[in-house]
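Q: Mind docking chain P on chain Z? Use the hints.
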Amino acid sequence: MSLFNVFNVSGSAVSAQSQRLNVVASNLANADSVAGPDGQPYKARQVVFQTQLVGAEQSSAGVRVAQVIEDNAAPRRVHNPDHPLADEQGYVTMSNVNPVEEMVNMISASRSYQTNIDVMNTAKNLLQKTLQLGS
Amino acid sequence: MLDKLTQSLDFNATALLLRSERTRVLASNIANADTPNFKARDFDFKTALQQATGLTTAAGAPAASALAKTQQGHIAGGHDVGGTHPALLYRTPTQTALDANSVDLDTERAAFADNTVRYEASLRFINTQIRTLMTAINGQDR
Numbered sequence: 001m002s003l004f005n006v007f008n009v010s011g012s013a014v015s016a017q018s019q020r021l022n023v024v025a026s027n028l029a030n031a032d033s034v035a036g037p038d039g040q041p042y043k044a045r046q047v048v049f050q051t052q053l054v055g056a057e058q059s060s061a062g063v064r065v066a067q068v069i070e071d072n073a074a075p076r077r078v079h080n081p082d083h084p085l086a087d088e089q090g091y092v093t094m095s096n097v098n099p100v101e102e103m104v105n106m107i108s109a110s111r112s113y114q115t116n117i118d119v120m121n122t123a124k125n126l127l128q129k130t131l132q133l134g135s
Numbered sequence: 001m002l003d004k005l006t007q008s009l010d011f012n013a014t015a016l017l018l019r020s021e022r023t024r025v026l027a028s029n030i031a032n033a034d035t036p037n038f039k040a041r042d043f044d045f046k047t048a049l050q051q052a053t054g055l056t057t058a059a060g061a062p063a064a065s066a067l068a069k070t071q072q073g074h075i076a077g078g079h080d081v082g083g084t085h086p087a088l089l090y091r092t093p094t095q096t097a098l099d100a101n102s103v104d105l106d107t108e109r110a111a112f113a114d115n116t117v118r119y120e121a122s123l124r125f126i127n128t129q130i131r132t133l134m135t136a137i138n139g140q141d142r
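Here the protein sequences come in this chain order: Z and P. If you read the first sequence in this note's numbering, its first letter stands for residue 1, the second for the next number, and so on. If you read the second sequence in this note's numbering, its first letter stands for residue 1, the second for the next number, and so on.
For reference, chain Z alone in the conformation it holds in the complex:
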């Protein structure tokens, strides 16, 4: 019954989207952080989605997070000579997170999450109706 596979497909998408949301949360939380534990400024992270076949069928294509990449954009430099981590010219190096991009990412992830939950709910209803067949 292919309807059961819908849960695998949409479930993988929900899990991938929640991981994306997680990355967005960590990016936004670090938007104003100055230096990480390694002394380097925080670099924005992005998830890379990849199609993953669920089961033997070619038609059930789920999603997985293939990797999490670091954004190599130049870090933001702010002039603040009083800051303890300022360099000789008085600049503080901050993370390269772009809050606007992250907000857009967040809305997109949340919409996709909702859509996939809707799909699973519909599949559940259909399966329940199929179980009641003939009664």
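Among the hints, erroneous ones may be present.
Claimed, not checked - Partner residues are not named here, just some residues of chain Z that face chain P (Cβ under 7 angstroms, in silico):
1) Phe49
2) Thr51
3) Ser60
To be verified - Here's a subset of chain Z near chain P, in silico, CB distances under 8 angstroms, partners left out:
4) Ser2
5) Leu3
6) Val6
7) Ser10
8) Ser15
9) Gln50
10) Ala56
11) Gln58
12) Val63
13) Gln67
14) Ile107
15) Ser108
16) Asn116
17) Leu126
18) Leu133
19) Gly134
Unchecked claim - Covered by chain Z, per the in silico footprint, the following chain P stretches (three or more residues, Cβ under 8 angstroms):
20) 17-24
21) 49-55
22) 107-117
23) 122-134
Bear in mind the hints are in silico, worked out from the structure with no lab data behind them. We put the beta carbon where it would ideally sit given N, CA and C, even for glycine.
A: Relative to chain Z, chain P alone:
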């Protein structure tokens, strides 16, 4: 005898199987709405049902792309004709995306809703047929 009793249900049962197959294909499209390079898939329900039920097209020709097997050991091409695994096609994109993804979420959601309603319609057909059979078996004593 018994298979003759349930033969009338076979057509709608096949339709139901194909509908659930399509539900899964559309769910895959929706799941991959944000995946780079993913191409949306779908199949032509009419052709698939004709092939699955062994019916041919109106012109009388065998329904699309069935490869003839003229020798033993020839493998079936593309997809199993007469089975419930229809040939998947690629959807023509309406708007191009920068990440080469061809899923249009609005189209997919509309197709999904349409498919759901038709699945329920098939279910109702089967239910009615079962009720008719039960009436024939039990008589009108209730």
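Q: It remains to establish, for every hint, whether it holds in the given structure.
A: Structure-based check of all given hints:
no.	hint	result
1	Phe49	holds, 4 angstroms
2	Thr51	holds, 5 angstroms
3	Ser60	holds, 5 angstroms
4	Ser2	holds, 4 angstroms
5	Leu3	holds, 5 angstroms
6	Val6	holds, 5 angstroms
7	Ser10	holds, 5 angstroms
8	Ser15	violated, 10 angstroms
9	Gln50	holds, 7 angstroms
10	Ala56	violated, 11 angstroms
11	Gln58	holds, 7 angstroms
12	Val63	holds, 5 angstroms
13	Gln67	violated, 12 angstroms
14	Ile107	violated, 12 angstroms
15	Ser108	holds, 7 angstroms
16	Asn116	holds, 6 angstroms
17	Leu126	holds, 6 angstroms
18	Leu133	holds, 6 angstroms
19	Gly134	holds, 5 angstroms
20	17-24	holds (count 5)
21	49-55	violated (count 0)
22	107-117	holds (count 3)
23	122-134	holds (count 4)
The earlier numbered hints that this structure contradicts are 8, 10, 13, 14 and 21.
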